[in-house]
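K.L.:
If you want the building blocks of each chain, they are given just below.
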Amino acid sequence: MRPAGAIEDLLRELAPRVLGALVRRGGGFEAAEDAVQEALLAAATRWPADGLPENPAGWLVTVAWRRMAEAARGDASRRRREATATAREPRDPEPVQDEDDTLAMLVLCCHPALTAASQVALTLRAVGGLTTAEIARAFLVPDATIGQRISRAKKSITAAGGGFGVPGPEAVAERLGAVLHVLYLVFNEGYVASSGASLHRAELSAEAIRLARQLHARLPDDGEVAGLLALMLLTDARRRARTAPDGGLIPLAEQDRGRWDAGAIAEGVALVSDALARAPIGPNQVQAAIAALHDEAPTADATDWRQILALYEVLSGLAPGPMVTLNRIVALAMVEGPEAGLAALSAAAEEPALAAHHRFHAVRAHLLEQAGEADAAEDAYHRAARATLSLPERRYLEGRAIRLAQPTASPADGIVE
Amino acid sequence: MKYLILIHSNPASREIWESFSEEQKAEGFTYYGRIVDDLVASGELVVTHALADPSVAKTVTVREDGATVTTDGPFAEAKEQLAGFFLVECETPERAVEIAARMPEAHFGLIEVRPILDLGGMEM
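Chains as they are written, first to last, in the working numbering: chain Y, 1 to 417; chain U, 1 to 124.
Derived by calculation from the structure, the hints in this document are not laboratory data.
It cannot be assumed that every hint is accurate.
Below, in silico cross-link-like pairs of lysine to aspartate or glutamate (EDC-like), each with a Cα-Cα straight-line distance of 20 angstroms or less [claimed, not checked]:
hint : chain 1 : residue 1 : chain 2 : residue 2
1    : U       : Lys25     : U       : Asp37
2    : U       : Lys2      : Y       : Asp143
3    : Y       : Lys155    : U       : Asp38
Start from the sequences and build out the full structure, keeping to the hints where you can.
P.N.:
The structure is reproduced here in structure tokens:
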């Protein structure tokens, strides 16, 4: 008998395939998605006790198909009576075609008619095989909120007239950007797990990596898919070193590099190197290349900031934005000194969107600190702490300000990635 | 992002509410009910509650000797008192403001939108 964890992994791997099989049979996505959830729950109860069926995918398709038919008949009493019976091994598991619709299901869930929050929730349930409760827990909202988001998302897609058929290659190409964005959002939600309440969120990063792996396996030649997977691996590799035991954020320059995940770094570096060598360049690949330069430096001082600066200049051309501008200035300061960074920051502040960005004051604070202007730096850290909407960031920035106010503390050399 | 929409009352808004007929009050509750229904339907509502009158509030103090003492009445002596709240999760700060603007108290400048600190954060 398989341990429960392995069964869960298998179920979540099979979830989009079972859903795709049902949609292919003309089941209709809206009902099929609910039925798959029920079949997954039934399997999670039965399989650890009864052992794995010979054809797990067929078992799930059969059970889900029956649930769907019963729901369509609306025969509630019959449904209750059969609830136990259908949860047993079906006598003749349905054959499942070889078609793998994981990619199609991802694209379907990232329908342009949906808000990003709805795309995320629907993707995690329909493709990730997570339950509504698990998603709600990760996002710290009630189950009902996520349940509502998912059912509304499904209705919106139906209303948009796109239908719930299996999307063809054209739709896949068109919506791949949205899929990558959703995976990136899921990853970022789990990026920092710093306290008890946010521990479950760490699982979101792992889930985003799992889904990105599935996407990469199906689109191995797409450089941006590979780039995103690489970026996630190279960022997640630092997870253990990123958070202090008390939950505080540890800046990159102060992290214990021995705690970084060497396997994930090697995989990420190989992925991005391969993508850069044979695919058209894109923002994900450039960001992954920057993360790789950080991860490959044996010490913070050995970081190749010249190369990082050059990559941020490329990124500014490909995908400009306040964060890219700020990060480019940090790299510039590391190459040419904090004064050069501060001058660039003053020039950039003429852009209102940038000056209003909460990271602006954080970068300014770090540069002032490096330039030896302790009082101004302390003030800027406080301003940044007040402006941020992230609790770990606020703690970190307030901590920097306190260190500056206490002359006995060791000189700080934090950098902003 | 999550936002807390705080609904305050002040003497003027309380007076208006108290001057309402039964029908007008019922209409007011129905109006709020529609806001709740819409936010449930859009998947944006996390939780919402109306608060009991400030006169039944208790201010709690733990004294130096460890004893907990309570004082009847609200913490702040201000004219504005918290009357209820919506915790919503929405895509943009603009959307949070749009929801806030639906509250009748917005006509009296009594609605406040506060972003909730996120537990995530960027690596510095």
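K.L.:
Confirm or reject each hint.
P.N.:
Hints versus structure:
A distance of roughly 18 angstroms separates the Cα atoms of lysine 25 of chain U and aspartate 37 of chain U; the hinted pair therefore holds under the 20 angstroms criterion. The straight-line distance between the Cα atoms of lysine 2 of chain U and aspartate 143 of chain Y is roughly 16 angstroms, inside the 20 angstroms bound, and the hint therefore holds. A C-alpha spacing of about 15 angstroms is found between lysine 155 of chain Y and aspartate 38 of chain U, which places the hinted pair at or below 20 angstroms, so the restraint holds.
Comparing the model with each numbered hint stated earlier shows that all of them hold.
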